Amino acid sequence: MDLKVSYNWLKEFVDTKLAPESLAKELSLHAFNVERIHKEGDSLDKVVVGKIVKSEKHPNADKLTVNQVEIGLNKTAQIVCGAPNVYVGMFCAVALPGAKVRWHGEGDLIELKEVKLRGVDSYGMICASAEIGLQEMYPDQSGVMDFKAYEGLKPGQPLKDALTLGDTLFDMEITSNRPDALGIVGLAREAAAVSNGKFKYQPATIKRDKSAKVLPLKIDLSDKKICTKYTAFVFDGVTVQASPLWMQKRLQQAGIRPINNIVDITNYVMLEQGKPMHAFDYDKLDGAQITVRKGRKGEKIKALDGKTYELNESHYIMADAKGPVEIAGVMGGEDSAIRPQTKRIVLLSACFDALLVRKLARSLNLQSDAQSRFEKKLHPESCLPSLYRGAELVLQLAGGHLASDLHDISASKFKARKITLDPQVVSKQVGVTIKPAQIKKTLEALGFGVTGSAKFSVTVPWWRDYDVETPSDLTEEVARLYGYHNLPSVLPSGIIPEAQTDKNLQWESKIKNALAAVGLTELYTYSFVSEKMLQSWGIKPDTGLKLHNPLNEDMVYMRPTLIPSMLQIIGENEGLTTEQSLFELSNIYLSRGLQQLPEEKSQLVLAFAGKDAKVMIAQAKGVMENLFIKLGLDISRLAWRSNDDSNQATNWVASKSGSFMYQKAENFKVSNVALGRLGQINSKITAQFKIKTPVVAIEIDAPRLISLATDLKSYKPLAKFPSVNLDLAIIIKKSTTWEQIAVLVRQNGENLIENVEVFDVYEGQGIPSDSKSLAFHIVYRREDRTLSLDEAKVVHDKIVKALSTKFQAQIRQT
Amino acid sequence: MQDQLKKLLADTTQKLYQVFSLKDLENLDNEILGRKNGQLTNLMKGLKDLSDEDKRKIGPLAQETRNKIEVLLLTKKAELNQKAEAQDAVDLTLPGARPPLGHLHLTTQAIQEIESIFSKIGFTRVRYPEVEWDYYAFEALNMPSDHPARDDWETFFITPPHSDAQKKMILTPHTSSGQVREMEKGKLPIRMINISKCYRRQSDVSHTPMFHQFEGMLIDEVVSLTHLKGVFDFFAQNFFGPGRVTRLRPYHFQFTEPSVEIDINCGVCFGKGCRLCKEGWLELGGGGMIHPSVLKSGKLDPRKVSGFAFGWGVERVMMMKSSMNIDDLRTLYKNDLRFLEQF
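These protein sequences, in sequence, are chains F and Y. Using the numbering used here, the first residue of the first sequence is number 1, and each one after it goes up by one. Using the numbering used here, the first residue of the second sequence is number 1, and each one after it goes up by one.
Please keep in mind that the hints were generated in silico from the structure rather than gathered at the bench. It is possible that some hints are incorrect.
[What the hints assert, rightly or not] With a Cα cut of at most 25 Å, we get these calculated DSS-like pairs of lysine-lysine: (1) F:K113 - F:K160; (2) F:K428 - Y:K304; (3) Y:K120 - Y:K321; (4) F:K546 - Y:K334.
Every value quoted in this text rests on a predicted model; they were computed, and no experiment measured them.
In isolation and in its complexed conformation, chain F is listed as follows (with noise of 0.2 Å):
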C-alpha cells in the first residue's frame, strides 16, 4: 500500500538529527522504499497571499474579471483572472511575475510573465491549487484557492507561510505484511531504529470523571468470526465544529478531505496508528444497541458515499435495533453519522477479519481507507491504542465529557509469541557474523523482548505477531537492518551441479540464429488465439484448450498451431513492407483432457510473403535445407511425400485435410523421421486474414527436428585426381520430377558420378506446354586415377539414352 508520510509528523516520535532526504535514504534501505521526496511549497517562490479589493467585469471578455489585487502594504496589482468564484475581500493565492506555474494544472511549468489579456494589462495570476502543485493537498477544483477559513492572513505574505508548507512528504511503499506500518507511530519506530534515534511514542491514558452520568451502550457480538475485537466509550456533550487547521492539514497532506473535528479525529488517528476508527451519532443508534451480525435479505444501507446498498446474509453488518448502521469495517451509515448539532457520541475502534472484510468489499464493489487497511489484516491489540488516543483527542477539540466506562469485547486473548532464536544461525543465514549483543540490541529498538544469552527467547510484540512466526522472520528483522548493501557480495563457491542443458533449449537457440542468418525475422505473438483464428485453420474450437476468463475476444485459446498468428501478422504488415520473410519458435498447447497438463511443444514456422508463389517454395526449400545442414542433418535423406494423414508429424493439425489448408503442400521427411510439411497456404485462409498475395509455409514439429540435429563433424577426404565435368540440357514431360531424373543418372552412372546438380529449369516459349527445359550438371570422378573425357563421355552417353526411353527426353544441343 502506498502511503504519503510527513516527515514533521514522524518527528514528533522519533529523536533525530538525520535531514528528510538522508531518513528517506535509511527508511529505504533497511525498512520501505521511500519512492519519492516532495518539498512541501517548494514551486511556491513569489507565490503570496493577496486579497481582492475591487472587483470589475473585464471590458472584451465576457468570462473574465479585472481584479485590483492587495499584494502588500498599500500595493495593489491589476490581475486578470477567470475563475468564476473571485469576490471582494477574497483572500486567494497571487502567482507574481518571475512565479513558476503550471497552466490549468498540465504540462511543465511555465515562468509567468506581465502581459495583456485582450487589451488590459495583467500584472501575474490568481491561482488554482493545480496550478501551484498543491492539489493533492487542496483538491478542490471549483476555481481558484480561496483561504476564507484561515486568519491571521496578511496580503504580500509568502503562500509557504501562510499555509505553514515547510514539511517534506515521502511516497513510501508499505509491503502487505507489515499493517503495523500503515501509520505514523509503527514508521516512526522504523525511523528510530533505522537511524538509531529515540523512538518518543507515549500511548494515550485518559481519565473518566465517576460522578459523570452514564449513557447505557450495548454491543452484542453476535458474529465473532467476522469482528475480534470491539471497543468503545461514548461521550456527551461534545461541540461539533471545525477541527483545527493544524490537524486539517495533515488529513490533506494525506489526500483526506476535513469534514468536522469528530470525524477529522477518526481519520487523523487512523493516520497516526494505523488504525481505522468510527463514530456514531449516540442519539441516532435505536436502542442505544450496537451489533455485530450477518445481513438479512431485504435491509439497506445508505452509506457515506451516498449510495445505497442492498444487503443479505453474505455480508457482515454493524446494526442498531432497528437496522444496518456500518457496513463492518468498509464503511459507516450516513443516518448515524456526526452532524453540526451532535452532542453525544459513541467513538469506536474495532477490529475485523481480513479476508471476510476482503470478500465483504469486493462483493459490495466499495473501497475505503477503512477496509484497505482491515485487508492487511490488523491485529485486536490495535483498538485500544487508538481508541485512547481518540478519546484524547474527543476531549482536547470537542469538548464534553466521558459518559461511559470502557466497552472492550474480544474474540479472545492475545498471548505474545515465543520464538527461540540462536544468534550463530542468524550470522550462517545473513553470511556475516553479527554479535550476539548487535542482535538483541537490533530485534530490541523494534519491540521485540530479548532474554537469554546463548540461545534468546525473543517475545514478539502484538503488532508483529502475524509476520513474525519464526526464527528466519527474525533473521530477516536483524539482516535488514543490518543493511543488505552493507554485506558483501560472494559468489557461490560449492560446487557447479552435472545438469545437462536440455537439447531442445540448446538447440532451438541455433536454429534462431541459424535463421535470422540467412535473412529471416522471428516474430513472437501471443500463445492465445480467436475463436475465428482457430477455425480459419479447421481447428474445432471445442478441442482447444479454453481460457476461462480472457481478457477479449482475440485471446480465448491456447493455440495448437503458430500459423493462424503468423498470418495474422503477415496481414498486418502488408502494404507496410515489400517481401515478408518470417519465422516464430514457440511453444504450442495440446490438450489432454483436465485430468492431465497440456502437452506443450515447439513449433517451428517459416512463412514467405511478397513474391511469387514458385519463387517462395524454392526460397523456402533452401532455407529448410541450410538450416538442415546447420543441425547437421543429412540432406540427401531429405524424402518428399504428398499430403497424407499417415504423416504424424502434423497430427496436430489432424481434424481436416491437408488439401483444405494448402493449395499445393508436400510433406516431408528426413532419415525417415517425419518432420512437417511445406507448401503455399490455401488463398481462401489467407484471404480470411486480409492477405491479397500467396504465403508460402513451413511448418516443422521441433522436437522431431532437434532428436535429428548433431554437433558431431564428419570429415570427407579431398579429392586426389581432376573431375570430369559435363553438362546436360533436356526437355521433359512437366509431370517427371528431379529426383526422379537424378537417380536414373545415378544409376546409370557406373559409380563415377560425384554430383548432379541442375541450374536451369525453363517453362515456356519454345518449349511445349506440356514440358520444361532441365539443364544441370554432372560431375564425374574416379577416386584411383585421373578420368580420361573419352571414359566419361561413354557414360554421359548412356545416361543420354536411358532418359529419353525411360522418360522420353529430348536432348537439346548446347
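Use these hints to put chain Y onto chain F, whose structure you have.
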C-alpha cells in the same frame, strides 16, 4: 633443353613489351602455353624422353619456368585490366548489394544474453510448463488459496475451472512455479535458470498479457544472503556493464524470507533523480532466501539445506539496459516489421 627453357623465358619477357591488348595477350598465352602446340607445352612433352638423372635435374627447372611465365602473363593481364577499369568510374556512394539481414526478436536477444551470463557461474537453463497446476504456482510457494497476496497475480484460468483450488489449471503468472518442480527432481545442489513465458491479466502501456521471466534458484548446503548478493551483482555487472551500480533493500514476498528487492541506478540521470526513476533508482526485481515452507514443499529439509531464488522480467531488464524508452511495451509483441527490423 636447359638453354631452350632459359631462352623461352627471355623471349616471353621481350614479347610482352609488344602486347597492348587483352587479345594480344591471349595470342601470346596460346603461343607459349597452348595445350596443343604451345612452345613450353612442346618442350615439356620432351621431358619424358630424358634419362632419369636429367629428368631430376630438368624437371624442376621446367616447372619453375612455367610458373614464372604464368606470373608474367597474369601480371600483364592485371596491368591491362587496370587501364581498362580506370576509364570505368566506380560510384562507391551507391548502396551496397547487401545480402538479406535477419533479425532475432529483442526478447530472444535478451534471453540469450541472460542465459549466457548465468551459464558462466554454473546455472543450467530449464523450462517448466506454462499451463500449470495452481499447486506449483501458488500453494507450494507458501500462498494458500485464500491468501490476499494472490490477488496481486492477475491469473488466467483454464476453463472449466476445477472446484478444488489446487487442481485448477492456470497460465503460470511467474517462473517461480518452476521452483518446487526443480526441487522435486531430487538432485542437489541446484543451480537453475528457468526462462519462460508468463501470463497475467494486464494490458496497458507497461504490461503485456504475455511476458517473460527468468528465475534463478540455487540450493546447497550452506547458502547465505551474501551469495544472493554475489549472484545479483554478477548478473547486473555483466548485463548492464560498467557505470551502473546496484543496491539491495528489504521487501516482502510470500515465498522468500528474508526478501529483498534490487535496484539499479537510473541509466538516464545516473542516480540524481528524474521523471523516469524513483529518487535515482529503478527496481530491477525481487528475490530472497527460499522460505522454509517452500523447501518443505519440494521435499527438502530446511535444517540441512538452504538457498535463494529470484524471478525477474526479461522485458523489464531489457528496457532498463537499452534505455530505449519504448513508450508502449505492447509494441514488442505487435510484430510490426518496421519495429522488428530495427534490431
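Checked hints:
{"no.": "1", "hint": "F:K113 - F:K160", "result": "holds, 21 Å"}
{"no.": "2", "hint": "F:K428 - Y:K304", "result": "holds, 12 Å"}
{"no.": "3", "hint": "Y:K120 - Y:K321", "result": "holds, 20 Å"}
{"no.": "4", "hint": "F:K546 - Y:K334", "result": "holds, 22 Å"}
When the structure is compared with the earlier hints, no violation turns up for any of them.
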